[in-house]
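The lines below spell out each chain.
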Amino acid sequence: MKARALLGVLFALLLIAPAAIGAYPLAVLILILHYAYLGIAWNVMMGFAGILSLGHALYVGLGAYVAAALYASFGLPALLGAVPAAVVATLAGLGIGALGFRFRVNGVYFALLTIAFAEFTRILFDHMGWTGGSSGFFLPVEHGHTNLIALRGPPILFYYVALGMTAAAFVASHALMRTRLGYAWLAIREDADSAAASGVDVFRARMAAVAVSSALTSLGGVFYAFYYNNMYPEQIFSMARSIEIILAPIIGGLGTLFGPVLGSFVLTLLGEGTTSLLEHFGLAAPGAKQVIYGLALLVIVMVRPAGLWPWLARRLGVGRDG
Amino acid sequence: MADVLLAARGLSKSFRGLKAVNDVSFVVNKGEVLALIGPNGAGKTTCFNLLAGAMPPDHGAVILEGRDITGFRADQACRAGIGRTFQVVKPFAGLSVLDNVAVGALNAAKHVGEAKERARAVLDLLDLGHKVDEPASSLTLPDRKRLEVARALATGPKLLLLDEVMAGLRPTECDRLVEILAGLNRRDGLTILLIEHVMRAVMKLAQRIVVLHHGEKIAEGAPEAVVRDPAVLDCYLGEAEL
Amino acid sequence: MTDRLRPSRRTLIQGAAAAGLAAALPLRARAQAPALKIGVILPRSGYLAPAGQSCQRGVDIAPQVLSDLGHRVEVVSVDFESNVDLARTQAEKLIADGAQVLVGAFDSGGTSAIAQVCEQKAVPLVINVAAAPQITEQGFKYVFRNFPTSVMLVRNGLALMKEMFKATNVTPKSGIFIHANDTFGQANRQAIDRLFPTLDMPFKLTDAIAYDPRAQDLSVEVAKCKASGADFVIVTTRAGDAIRLIREMVKQRYEPKGIVSPGSPGMYDQEFYDGLGGYSDYTITNLPWPNFNAPITKRLGDAFAKRFPQNRFGVDAFNVGFTFEAMLVAADASKRAGSRDPRAIAEALRSTDIADHVMTGGTISFDAKGQNNNIGSATVQNLKKTPTVVLPREAATAKPVFPMPGWRGRQA
Amino acid sequence: MEVYLDIVASGVLTGLVYGLMALGLSVIFGVVRVVNFAHGELTVAAMYMAWVMAGSLGADPLLTLPVIAAALFAVGYLLQRHLVERFIGRPEHEQFMLLLAVSIIILNGLLLVYGPDARHVQVEYAYDSFELGPMLLDTVRVYAAGAAVALALGLYLFFRFTDLGTAIRACADNLLGAQVVGLDVRRLYALTFGIGCAVVGASGTLMVLMRDATPQLAVQLTLLAFIVVIIGGLGSMAGALVGGVLIGVSEALAGFLLTPSLKSLFSYGLLILVLLLRPEGLMGKRT
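Residue numbers (the working numbering), protein chains in the order written: chain P, 1 to 322; chain W, 1 to 242; chain U, 1 to 412; chain C, 1 to 287.
Same shape as in the complex, but just chain P (with noise of 0.2 angstroms):
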């Protein structure tokens, strides 16, 4: 009872937050809910069913090219090509997880081959001519209307579908754990041997569990697209942008609801925090702010290894999913 009150504060929070704060916070926000969402998606696989992916960018930048290509070649809005989107990146997860989990490429070896599929696709994007390859990928700029279908409008706009997302993939991913296949998730992630001996047909789980990872990471993907109204391979499908969508989870809390919110939270106003201090104290040499912030995560690593969320749970008297 006391979790959900505390959530829906935040969330009313969240909600009138725009009227009263500057577009610089705004612009802040969007992105804490942006890799919070992708932090919840990504927390399906290793969070719920204990599978490690090193190479989530993939999802994102697939998505993001899918939905921006059929909007600037067909005019297909936003929304609706979230739908090819999310399939392109659903059979690319499914593609690798049955690949992985059918040769048993189990723990490291699977992180490992999830980066090398994310780093093929990036090689290949850079080379795709129809998606304009390494010179990137540029959706025309629209002046003056909002539309929420399209995607198209002012920050306010995104903010809210950013919120809109991660409260949406929050509640689905609360509603999933209390389902036969959340179940059967957190058994696998426990021990994969004893929830085959309990029923548990561990590859489809697994799959289910990449395919709803995959296209939860792909839409976040789509709302990039639109957002940054450009893309380029590198970026995109690069290694630190997956590593990036990891950092909050597992620093808040890993396979728990909260975590890659607190987790998002943490560390985008510890980084933009870190810089303003030391702009103030003028210290801002390059390279100082990136320091502190690896010390912080060391940090906290050493001292909160399962993350900040089950601490915090425990301090406020909550329950640790929250």
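By construction, these hints were calculated from the structure, which means they are not laboratory data. As the structure is a prediction and not an experimental result, all values here were calculated from the model. Hints are not guaranteed to be accurate.
[As the list claims (entries may be wrong)] Cβ-to-Cβ under 8 angstroms is the rule here; a few derived chain P residues that face chain U:
#, residue
1, 23
2, 138
3, 141
4, 143
5, 154
6, 287
[What the hints assert, rightly or not] Negatives, chain P to chain C, calculated, CB over 10 angstroms:
#, residue
7, 142
8, 207
9, 316
[As the list claims (entries may be wrong)] Pairwise CB distance ranges (calculated):
#, chain 1, residue 1, chain 2, residue 2, range
10, P, 168, C, 173, 45 to 51 angstroms
11, W, 117, P, 9, 31 to 37 angstroms
12, P, 95, W, 110, 31 to 37 angstroms
13, P, 95, C, 92, 21 to 27 angstroms
Quick reminder that beta carbons are idealized off the backbone N, C-alpha and C, glycines included.
Assemble the complex: chain P is given as a structure, and chains W, U and C must be docked to it using the hints.
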């Protein structure tokens, strides 16, 4: 002749040329408790793995209620009606005791709510009812053993495979578990196949015994007869001398 | 070309008048005039850091030089860490902090991201460096680019090659184009594919080779060039890969008549000279370059030398020049508008007409899409480890050396 | 035909250098079972050390190699003792986060101190090539390739024939057994991490002869080292070299016959194939 629940026919399995199970056949009748015994390395657990689908046999067949389930995966075997425990217990450490058992119960339940009900009932039966909300990782070894049995039982098996669930229990705990299992067998007609070293449990529970040695079946019969079988004594003595 | 490089008499008079006027104003009045707040976004860390920091040196000396020219500006600089996500939030931050015009961002990806924000906020963005043609084709109204698109760069670059063949009476037989397969490299490739057949070039292009700028090893790439038998190499590099490319050519004893870039970074960076020593000489980049005959360039150079005695203006000239010019363009617009209101500045930017400026080319003005089409290029050849203008003749401080001498006898 | 000879020869040399880069990663994973995600950063740190020493002492990197290897040994030992040790046996993502944090700190620390520009060490033989029949072999690469083979051989002999090496192998093969017979596993792990880092130090020092040091180089080095050791077999010294050569030659041929920008596509393709068909790597032990 009683109804046959499970028939193992000529099961064989080799690992890198070493025959872990060699042409083993036996049947488990409906409603009976059969014990599988033998010295360490006799191939008992491998035999279980073949029956429960953890690995496919090289040769032979597994027939459950007249249906060939040879080569089924573990989850398929489970759904077909074989519930098993692991010798080295494998609880879902990060989940609560209740959720551990609910995972198994989902196999037989229509929805999560029903599975939890069922899990609660099974946990009560195994004296774990007061620990439903604790994380499985916090349980003591005897409790983990019982949790393992509860999880397997919750899948609603026709045949329960128990792999050394008495090992590491104190005599009183052991007797209590024997009592519970005997009750399940008697009251609900649950068929049980168990691997066990604790002979006092075997003698109390088992109606028949199959003895494996070096992957081969060397004896089969009523408990009193089997423990006097010279071949059986020989294999255990041989082991003791080593 | 000739006219573009010479400051016209009109601009000289204007400049003098402006200076005189500034001097004539009472000090107090000048002090009271509020400064234009320029937000600068550059990639000072991350993989674009070398270029970002080079541009930043232009930012650091700009306020003083602009003040001498009668513009009062206050600069707020931020680093977007070569990360597009940050480019966007940092642009929002600068605008929230009161920046009235933004300048940036060296990289096309970052620039596009910032452009979105500027468009939403109706705050003008003056691009210092970013060549992706699409940026001024996306339909932005508040984006102004005083930098050539890759098509313009290549067109000027190829024209200068012809001019060099004429000046030296040497024409190569066949050329090969080798480029980094990144944003800029591929844009160059498209431009070359399109332009080469139309420009009546005196040699044939046998092949185009794309390579991964992150590749650890370029030996195969060079072997492939060598095997093609081409005696002229057109290169588009990113930065450090230029060093690897040349080093590999030396090792494989591949000696084409010339190595020319149509405007990419790499061969006029300090690290290029440090890394290759004498082997860096005679390589050529055809790109916009400061017009050292212009007084304002001298001024900028002096300020640079004073502020950064460790660095060479002659080397940073491209990044510093364009970055400074972007700030000049912004300050000029604000002054003409008589306002620091971003919308008013944007309006004024549309009618920009600056004749007295740093880089080669004609007056700075923007077309309807916000693109300056008057930017010229010069042939900059490395001579004695110094980028030296060798063409066009009017701006040249030395004669082009073509064909270039072989590797033997040089010292690293 | 001559061209192909050249291409393959250069692919082999490059591949041995790749192998050299990956050896340290392989040593550490083979024993401690921790994937060192800060591998590239440590390599680049060694490159900067070589550059600093070349600048201040005018010392040829080949001479400062032992010093840098020793320094990196200390770094590795301390890293294992104070940070990595408590993450042994913990979930992989936690180890990943830890080493990611370490890598962020090293990379940006280098940027902060030395700036982003490429740093170059000048040696007399930098531009020399050997002529071998019709082939031209780059002197520096021949040195580095030779060093790679020597290092791999040295490591092999160390692990095979010294008491310490045998003890370390015991930890790798059977951790429980090693503990039972009373080996000080914590110390052995720290030594192994140290040795792995010393190899990283040696390879970084040699690398600086071929590639200029920049902080950003680190990320690519880490990825490349991964590809090489996965293909060759994590934990196998010969595997690292074999993996390197395989990648080097296939990249060289792909680059020559197709287009060079596609060549890493082949590395990743090879990586995917090996992961699927032989996840323990070509020379790795089946587990």
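Going through the hints against the structure:
Because the smallest distance between the Cβ of residue 23 (chain P) and any Cβ of chain U comes to about 5 angstroms, under 8 angstroms, the interface hint for this residue holds. The beta carbon of residue 138 (chain P) comes within 4 angstroms of a beta carbon in chain U, closer than 8 angstroms, and the hint placing it at the interface holds. Against a cut-off of 8 angstroms between C-beta atoms, the interface hint on residue 141 (chain P) holds, since the closest Cβ of chain U lies about 5 angstroms away. The criterion of a C-beta within 8 angstroms of any C-beta in chain U is met by residue 143 (chain P), whose closest approach is roughly 7 angstroms, and the hint holds.
A cut of 8 angstroms between beta carbons decides the hint on residue 154 (chain P): the least distance to chain U is about 6 angstroms, and the hint holds. Taking 8 angstroms as the C-beta cut-off, the interface hint given for residue 287 (chain P) holds, the closest approach to chain U being about 5 angstroms. Here residue 142 (chain P) stays apart from chain C, with its beta-carbon at least about 34 angstroms from theirs, past the 10 angstroms limit. Distance to chain C confirms residue 207 (chain P) as a non-interface residue, since its nearest Cβ pair spans about 16 angstroms, more than 10 angstroms.
For residue 316 (chain P), the requirement that its beta carbon stay farther than 10 angstroms from each beta carbon of chain C is met, with the minimum near 24 angstroms. Judged by the Cβ atoms, the range 45 to 51 angstroms given for residue 168 (chain P) and residue 173 (chain C) holds: they are separated by roughly 50 angstroms. Our hint of 31 to 37 angstroms for residue 117 (chain W) and residue 9 (chain P) holds, since their Cβ atoms are close to 34 angstroms apart. At about 33 angstroms, the beta-carbon gap between residue 95 (chain P) and residue 110 (chain W) stays in the expected band of 31 to 37 angstroms.
Taking the beta carbon of each, residue 95 (chain P) and residue 92 (chain C) are about 23 angstroms apart, inside 21 to 27 angstroms as hinted.
Of the numbered hints given earlier, the model fails none.
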